[in-house]
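Going down the list, the sequences are from chains A and B. To convert, take the position in the first sequence, counting from 1, and add 1462; that gives this note's numbering. To convert, take the position in the second sequence, counting from 1, and add 1462; that gives this note's numbering.
Bear in mind the hints are in silico, worked out from the structure with no lab data behind them. Heads up, some of the hints might be wrong.
No copy labels: a pair is met if it fits in one copy or bridges any two.
Once the Cα atoms are required to be at most 30 Å apart in a straight line, the calculated DSSO-like pairs of lysine-lysine come out as [to be verified]:
#1 K1652 <-> K1543
#2 K1652 <-> K1557
#3 K1652 <-> K1545
#4 K1725 <-> K1585
#5 K1658 <-> K1544
#6 K1510 <-> K1715
#7 K1560 <-> K1493
#8 K1585 <-> K1652
#9 K1713 <-> K1767
#10 K1658 <-> K1543
#11 K1510 <-> K1701
#12 K1510 <-> K1713
#13 K1767 <-> K1652
#14 K1560 <-> K1789
#15 K1701 <-> K1715
#16 K1554 <-> K1652
#17 K1498 <-> K1585
#18 K1769 <-> K1715
#19 K1665 <-> K1554
#20 K1732 <-> K1543
#21 K1652 <-> K1544
#22 K1557 <-> K1791
#23 K1701 <-> K1713
#24 K1665 <-> K1740
It should be emphasised that the depicted structure is a prediction, and the values quoted were computed from it without experimental measurement.
2 protein chains.
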Amino acid sequence: MTERTSIALDAMGGDNAPAEIIAGAVDAVEKQPALKVFLVGRQEAVEKELIKYRYDKSQIEIVGASEIIETAEPPVNAIRKKKDSSMVVGMKMVKDGKADAFVSAGSSGAILVGGQVIVGRIKGVERPPLAPLIPTAKGVTLLIDCGANVDARPSHLVQFAKMGSIYMENVLGIPNPRVGIVNIGAEEDKGNALVKETFPLLKEQEGINFIGSVEARNIPYGQADVVVCEAFAGNVILKLYEGVGAVLVSKIKEGMMSTLRSKIGALLAKPALKETLKAFDASEYGGAPLLGLNGLVVKTHGSSKAKEICNTLLQCVTFKQQKINEKIKESIQTGEKPAGNN
Amino acid sequence: MTERTSIALDAMGGDNAPAEIIAGAVDAVEKQPALKVFLVGRQEAVEKELIKYRYDKSQIEIVGASEIIETAEPPVNAIRKKKDSSMVVGMKMVKDGKADAFVSAGSSGAILVGGQVIVGRIKGVERPPLAPLIPTAKGVTLLIDCGANVDARPSHLVQFAKMGSIYMENVLGIPNPRVGIVNIGAEEDKGNALVKETFPLLKEQEGINFIGSVEARNIPYGQADVVVCEAFAGNVILKLYEGVGAVLVSKIKEGMMSTLRSKIGALLAKPALKETLKAFDASEYGGAPLLGLNGLVVKTHGSSKAKEICNTLLQCVTFKQQKINEKIKESIQTGEKPAGNN
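Generate the whole structure from the sequences, applying the supplied hints.
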């Protein structure tokens, strides 16, 4: 018998809460019998949505939480003061072992703070990275770290490489994932101080398939499966990816609507185009895990709809079943003392 | 009478040299009577191309240079050893006052090194930034710095803001250009150590229209006219811009070729689409100036064709006529001693 994965899902987080969040939960439990979802949020609001669906009652349970953390709130304060918010209550469930994972489409800042403060880091993990999947010409790449902790040290980046590698191999099923470091040139002597210091450490690291520097231009081509960087660069990459994609697609739409001839062309090409652009849409691939915590915390897009929530919940099941955290523990903790054997 | 602008043009640099370079020069002198171009390169190769065109003989002159600096060569060595290369000869002409500007589609590294070592910095300029124009939904934005000198200091970024502002106002004709700093959030307290230190300096800087932080997502929307960052981030932004654009466009083409219906649609939409995508093509806007030097040095894309070369040469004329370097000198040198009056 498969072990059950139980997930505390923030029913109040994101632009489309609670309706899309709950719809995603219902979809997920239907697809995955080994899944139990705790919908954390305002009892009444959640009940009102949930009543619309038929589902296995043993798989979904409501956990009341009266407060909501808004996106604009200063995260540290919000986590400290709103003890009965869906985020704090949900993360406490992970901390207390009542849930394996916490999933939220709410405030990134609050999720990052709560993950560290409430759920806590795995012993030996210096910094938990936020690691979204970004679409590429070949599939997806894990961009690690896009979190809030900037000005990272080389040792952090080495841990990111290890954790990202474990995630891609076991959750996404990519054997021996290629790990690259974001750089401004392909040569080893290129880069800023951080990259130059980190490069040789990654090169000598056992257990990862380090392929060297990856220039930003080659990220969208899928040159590496795991792209390591500090959070400032990671954030710039993630946001620019979204921005350039959105502007380019809107420019193309504009172009297609500019003449009668092109309008007819657009009508004919639309279904095929839609399919291709979907493959380049990050939300298809579920949320971004905050790795290295005592439990799993996943941030999904603020604009998440049912499909992304469902995909994220199913990813959490894989995460649990593949024992990712046990693997991270082993990798980090043995990696901590590489000199011990020499 | 207008003063003449004379430009040393590297006839041997870039993927399409010398043919496209020379074609661009011929176009430019035809459009701009106040322009004189020195084609610097191998006499015979240049003559062979030049003979194909009719042009005002007083506007184009060949300057012999027997060597070529290849893209793969280590820049410092190349500049030091290849004294008779088109790059070194061309930059010396600027240094010696024989040309106002040097333009090349060759090795970025060599251009950056040569600019500093041969042409030299304006007194007071701490670091000359490379500032390409990137396309946005609204037009273009100056991304400053994308050069080779990473790990910048706050004072460098303040100078970049001033120089970029002068360039956009006077060369591109944008009144009171909006200056933003690349950041990972909109608030003043967000960012890494560099950004946090630079932000208040920019805020109190007179003579620039500082609008605060710009998240990477908003760069393609044209939120700022001048986007200030250190070179590592700048390089990542520039390269990712190209990469995401190229992959997305190829995905769209692929999508349009996937069914018979979409193929017909593509045929009909193609002319209109081409027009829109052209507006999002950086090469339309000419090269990237290396600002803050005693003369102008401009790097154009390695893949430059005649049109980009021509546009770049015309930009150099505006640069000279608008007395950009005099304005930079004034801004930097008075800015150097803001405390003197207090």
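Structure-based check of each hint:
Taking the shortest Cα distances, K1652 and K1543 sit within 30 Å of each other only across copies (22 Å), while inside one copy they are farther apart (46 Å). For the homomeric pair K1652 and K1557, the shortest alpha-carbon distance between copies (28 Å) is at most 30 Å, but the shortest distance inside one copy (42 Å) is not. In this assembly of identical chains, the alpha carbons of K1652 and K1545 lie at most 30 Å apart only when taken from different copies (25 Å versus 47 Å within one copy). Neither within a single protomer nor between protomers do K1725 and K1585 lie at most 30 Å apart by alpha-carbon distance, with minima of 59 Å and 56 Å respectively.
Only between protomers do K1658 and K1544 lie at most 30 Å apart by alpha-carbon distance; the minimum there is 29 Å, versus 42 Å within a single protomer. In this assembly of identical chains, the alpha carbons of K1510 and K1715 never lie at most 30 Å apart, being 38 Å within a copy and 45 Å across copies at closest. For a Cα distance limit of 30 Å, the shortest separation of K1560 from K1493 inside one copy, 22 Å, qualifies, whereas the shortest one across copies, 75 Å, does not. Proximity of K1585 to K1652 under the C-alpha cut-off of 30 Å is restricted to the inter-copy arrangement: shortest distance 28 Å between copies versus 33 Å within a copy.
In the homo-oligomer, the alpha carbons of K1713 and K1767 lie at most 30 Å apart both inside one protomer (25 Å) and across protomers (24 Å), since each shortest distance falls under that limit. Taking identical chains as interchangeable, the C-alpha atoms of K1658 and K1543 lie at most 30 Å apart only when they sit on different chains, with a minimum of 27 Å there against 42 Å within one chain. In this assembly of identical chains, the alpha carbons of K1510 and K1701 never lie at most 30 Å apart, being 35 Å within a copy and 48 Å across copies at closest. Taking CA atoms no more than 30 Å apart as the test, K1510 paired with K1713 passes in neither setting, with 41 Å inside one copy and 42 Å between copies.
Within a single copy, K1767 and K1652 get their C-alpha atoms only as close as 41 Å, which misses the 30 Å cut-off; across copies the closest is 29 Å, which meets it. In this assembly of identical chains, the alpha carbons of K1560 and K1789 lie at most 30 Å apart only when taken from the same copy (21 Å versus 66 Å across copies). Proximity of K1701 to K1715 under the C-alpha cut-off of 30 Å is found in both arrangements, the shortest distances being 21 Å within a copy and 24 Å between copies. Within a single copy, K1554 and K1652 get their C-alpha atoms only as close as 44 Å, which misses the 30 Å cut-off; across copies the closest is 27 Å, which meets it.
For the identical chains of this complex, K1498 and K1585 are intra-copy neighbours only, at 27 Å inside a copy versus 68 Å across copies, given an alpha-carbon limit of 30 Å. Taking the shortest Cα distances, K1769 and K1715 sit within 30 Å of each other both inside one copy (25 Å) and across copies (27 Å). Taking the closest pair of Cα atoms, K1665 and K1554 never come within 30 Å of each other, the shortest separation being 38 Å inside a single copy and 41 Å across copies. For the identical chains of this complex, K1732 and K1543 are neighbours neither inside a copy (49 Å) nor across copies (56 Å), given an alpha-carbon limit of 30 Å.
When the C-alpha separation of K1652 and K1544 is checked against a cutoff of 30 Å, the pair qualifies only between copies, where the shortest distance is 23 Å, while the shortest distance within a copy is 46 Å. For the identical chains of this complex, K1557 and K1791 are intra-copy neighbours only, at 17 Å inside a copy versus 59 Å across copies, given an alpha-carbon limit of 30 Å. For the identical chains of this complex, K1701 and K1713 are neighbours both inside a copy (18 Å) and across copies (20 Å), given an alpha-carbon limit of 30 Å. Taking the shortest alpha-carbon separations for K1665 and K1740, neither the intra-copy value of 36 Å nor the inter-copy value of 41 Å comes in at or below 30 Å.
Violated hints for the displayed structure, listed by number in ascending order: 4, 6, 11, 12, 19, 20, 24.
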